[in-house]
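As you go down the protein sequences, you meet chains A and B in turn.
When we follow the numbering used here, the leftmost residue of the first sequence carries the number 665, and every step to the right adds one.
When we follow the numbering used here, the leftmost residue of the second sequence carries the number 6, and every step to the right adds one.
No lab work stands behind these hints, which were simulated from the structure alone.
All of these numbers come straight from a predicted model, not from anything done at the bench.
Glycine is no exception: its CB is placed at the ideal position from the N, C-alpha and C atoms.
Mixed in with the good hints there might be a few duds.
[Stated by the list, open to error] For lysine-lysine, the following DSBU-like pairs were computed, each having C-alpha atoms within a straight-line distance of at most 35 Å:
hint : chain 1 : residue 1 : chain 2 : residue 2
1    : A       : K827      : B       : K244
2    : A       : K827      : B       : K216
3    : B       : K401      : B       : K205
4    : B       : K249      : B       : K183
5    : B       : K216      : A       : K811
[As the list claims (entries may be wrong)] Okay, the calculated bits of chain B under chain A, using three or more residues with CB under 8 Å as the criterion:
hint : region
6    : 198-207
7    : 211-221
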Amino acid sequence: MASEPSICVLGIGSVLMGDDGIGPLAVERLRAAWDIPEAVELVDAGTPGPDLFHYLEDWEAVVVVDTVHAEAPPGTVRLYRGEEVRAVPPSPRLSPHDPNLRQAILTTEMAGTAPGEVLLVGVVPARVELGTELTPALQAALPEIEKTVIAELQRLGASASRKAHPGHSGAWWTDSPTSGGSLRDFCRRIL
Amino acid sequence: MGQRIVIDPITRIEGHLRIDVEVDGGRVRDSWSSGQMWRGIEIILQDRDPREAWLFTQRICGVCTTVHAICSVRAVENALGLEIPANAQYIRNLILAAHTLHDHIVHFYHLSALDWVDVTKALEADPKKASELAETLSPWPGNSRRQLEAVKAKIKALVDSGQLGIFTNGYWGHPAMKLPPEVNLLAVAHYLQALEYQRKANQVVAILGSKTPNIQNLAVGGVANAINLDNEATLNMRKLYQIKDLLTEVKTFVEQVYLPDVIAIGSMYPDWLGYGAGVTNYMAVPDLPLDAAATEFDLPGGTLSNGDLSTARSFDTWTDPRFEKGVSESIAHAWYDGDWTRHPWDEETVPHYTDFEDDGKYSWVKAPRFDGVPMQVGPLAQVLVGYATGHAGIKKWLDYAVGQASALAKTPIPLSGLHSTLGRHLARAVRAQVIAEVSLGHWQRLVENIGDGDTEIFNEPVFPKGEQRGFGVHEAPRGTLSHWVVISNGKIANYQCVVPSTWNAGPRDEHGQMGPYEASLVGNPVADPERPLEVVRTVHSFDPCLACAIHTLDPEGREVARVRAL
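Pulled out of the complex, with its shape left as it was, chain B reads as follows (with noise of 0.2 Å):
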């Protein structure tokens, strides 16, 4: 019998996962991923306004909350036919595109750089020899010697203070830890001005959006942003030009920060490309609307199937039929009534709490199927499919991670090297720097539209007698998120969302078939069963965000974060 570790909660962000994983000999023999807490968004959701669904849908999670807004809308828009003007697909691509930029950012340096950096160590850290590294590695002006010397000052008071401050929850000394101490200065230099750039990314929302999480600027049928190039009180040209600089400064920050510190990084941790690949069938939907119609795509979706490029089929609309008849929902592991395998419009929300049961039921979440299989949903996905499928920005700065941390590693990287725990830290690199490109593509359109005299942001929506379904669907930070709404006499008669994080951190199907969390810490070694940093890293490249994943509800009131082994 193996040791078993119980990780609960893992994530450092908003939400409640717990992770099981039983260790034999150094390595995890068996995982079980498990959501604590059911939300049942789709009970507050009963018989309201359509109109009205996105206000509640956005609250779901404090992180994903324009991505929940813009599904919403996009699901009933689905489900009446309704096209909205050219003006508002690309103030709503500008809005979810700085809002990627932001989470990704966020979620490398502030959410899972410490299972890789070690800050303590930094403290060991020449920054003349430091900035000098830097140098060979980019152009940024932030690794000069004095920065990096204020930097290591910052540390050692924290540290001479007796307490790490923001750091604490860290892995310090651990022996999975394997940086040289001047990449660790310049990681957590890097850490600290990823703040300053994630609030830029941020401001683009708060100006089209508001200021707070929640936008505001929404409407089933387009947006709110009255434009009149000519008024303070609308979007103007002033507001225009200050979209286009903050989004060109986080561009810069991408290009010369977050992805050359994820390729020097990752090529510093060449073993970690051989664990956590898990489920390597994957999918993605198509993004950014280039039209109003939405009949093209700056991001590319589609699926493959176990790693094989070859396998890759796009889906070239968001209401491709093979998406809309694809996917279903399992409860044969999760806490409702039954064990049936259904479409979400189908479904009914019914708990039924057990126990945790190994063998039985032991999750709130659902566990979602494509054509009956598992699939692996976020960054490493879309990026996967439009390299098999040929999108030109993808295949780039694909091509030009890999043989930039394959010189560094000074061995070749095999694209199947991607199939790992930093594959999709690589892959989520890469997609912010295409996304970084490509915003700005929408801005110029969104100006040259105004610039010919169309000033439309909204189609009324008519909601005629009887039944109307719809879905919607969109590739956010953390993978493909779909709302799926059936609509009676102008009432909401059943919403489900099915989330990235429910495809990541399902449990097991019917079939016993493992979700992609679980898949993925099968094999990963675990050197300290006391601190299983080597599980965390797994999980938290998969970006956990669990309060959306969970549809909701602790049975036993309030959970304390604890890491035991048992």
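Same shape as in the complex, but just chain A (with noise of 0.2 Å):
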């Protein structure tokens, strides 16, 4: 039997700032309800600026879980492959990536330790806005990043397979505290 090709699954995004957090938050769920080969790796990756290139390097196959500037409704999930990567718009995110993933792409190549093979699953926010909250578009597109990612993973031949009794979400910025709430809530609470 061939060995499980080595795959990180990289979720990008600012856990602070609403839909942004999306990409961590998918990560998240699918730790906790699927069982995953030891080769496959899940990393919230936050928002890691320059360091972006690190966790690229030496996989076979990198699947980034991410928002994306495009013009369709929140919500919306496509997947972007080869090319179609370097060409993606940064994120509408307000600290921009900066070095984005083109440039983190073009660094592995130059250090010699480019992946093999590099998607991205791009998702289109409704609000990028202080709060640890998604808005109900993002909550909504959860399952179809994350019957996207797991499709890929299949593809690529690692074994996925839906736990038969989920564990617990580690997406802590979640839970709210007595308040909670955005921005928005924050600003009409005190304006």
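Got two chains here, each in a separate frame; can you build the complex from them with the hints?
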């Protein structure tokens, strides 16, 4: 039997900026609900800035989950492959990826550590502003993101299977304190 | 009326900073530094458990993760009067030292070297001559003719392909680029090698903290690294030796590559020891404590005024009342409601966006002040305070660096030349060298302490009824960071982060005193207003990291990078 391919599923985004937290949240959901082989790693990388390229290095494949800036309704999930990944405009994050995914891939190429393949599961956000909760459109996109990532893992030869008893999600940031709420709610309260 | 140049954003990494400069006769006459987004972490933290605050604060910025995590637990521990075990102190120190080394290397090579190095000029270099030149500067084995030929071939392939790949964003062929081809080639070679060494520094953080940029081994009261030298799952002898090997390799890189490069490049841009001084009041806090109670430190803290070393006064502890009482923030020119100047514990965060008003409010960044005056923070501040107060490591390496640079420049460089754009780079490299050396001392202390049978890593925090106030400090890669917390009945009632880039990038205060970025730009030359490389150089020398300077929100939605002349 052929050995499992080494794959990294990389969730990117700021969990403090509303819909921008979709990448990390998707990774935590996958971890809670799926049994994946040892060769596949699920990583919540937050907003790694210039370190992004480290998370791409040396894998056979990397599946990035991130928000993207696209002319499509919020919650739209799209899979980008190959050259398309480099062409994707940076997400509308207020602290933009700079260097972005394209720059990170180029850096691994210069360093001689480029991954075999980079896929991007891009999600169009509705609201990127202070807060730890997703908008309903993005909440509704989570099953689609999960399905897309799992389908790619299986295509790449990784044997993912659904857990009989899902674990607790590690997305601690979504536990609200007594008040919680978004910036908008906060401003309504004080203004 | 001069010409107005807007650079937005100026930082290559996360964040959003807008710099406006007015140029008249080839010089900057006036400037404004504006943070374009607001990050109200205090609102997310309101009413949360103080034991989890660090998880949130380390997400403020993807570059400064560990920095905000450790400062947060220090703030809560200070509020509770809670001491942490010695092992926890040393483990935190190793993380902070490794993170700093990573950060300083990345800053020089990957975020600012291209302000000084012209990659395309490296194509004219003779690898043999470059290798011979390198031998006079350093024993580094990575400077062989064959290695430099390979780097030159890589650059040629990029240029021939019609795109410069990772080097696309440079100011190629700009008249302010002055390095000879051989030095450009060496710098590009080291840029590529630095990718590997910054990874090694990161591995130390990963072994102790976690693989991701967000460490997971912290707790209010200590760390969560169980110590058992015979257990594969815990912190054991194998991992400890791995950490030592990595730190030793990074130290060699700093000593043989980073520091010599900054000295050599600096000596070829002597003019830049005369630009960019700005605010010459400096402040740093002590860090890398040598004991559980944090009574002694490897890195010095204190203040000095008007660039005068004889005015230096040290902070001997983290809780120095002079620091605690001296810090305030002004919102006179920041987009918050009112025009108060307050102590962080007494602040409230009520956004009030106006528009960009040159004489009114123009930034989301508040203006921090110490005893009412602006302070420059960062490696230069710590190095100057250390030099003035007789810190042995800093004195040794700063004297060495200035001596070498003087010899290469064939003219004596006075210490006053450090109040400058290049001075900040030189001080950062000196600081990296000092930290690389002392980091191994903390490794030694940790191993000896474990060898003596101490495996304690955590003291349980207890939250009494009523209110407690505390603050934590950390001398982060970009300078003095402080977190201020008010706890009420076990919940967070107020939380403020006064971050290094706020000290440096902040706007004018109620008396019209400029912040350090703003002041440093006045008088800067600008050869080509369409390509204001000189402004970029001075701002980059502070190592801007704006995701954390700014307390957050772009009223217009998204912004694209632009450099334009008005």
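Hints, one by one, checked against the model:
1. Between K827(A) and K244(B), the direct Cα distance comes to roughly 33 Å. Compliance with the 35 Å bound is thereby established for this hinted pair.
2. With a CA separation close to 24 Å, the supplied pair K827(A) and K216(B) stays within the 35 Å bound.
3. Proposed proximity of K401(B) and K205(B) is supported: the alpha carbons are some 26 Å apart, at most 35 Å.
4. Of the pairs offered as hints, the one joining K249(B) and K183(B) is violated, with about 39 Å between alpha carbons and a cut-off of 35 Å exceeded.
5. With a C-alpha separation of about 26 Å, the suggested pairing of K216(B) with K811(A) holds against the 35 Å cut-off.
6. Check on the region 198-207 of chain B: 4 of its residues sit with their Cβ under 8 Å from a Cβ of chain A, so the three-residue criterion for coverage holds.
7. Only residues whose C-beta sits within less than 8 Å of a C-beta in chain A count toward coverage, and the region 211-221 of chain B has 4 of them, enough to reach three; the restraint holds.
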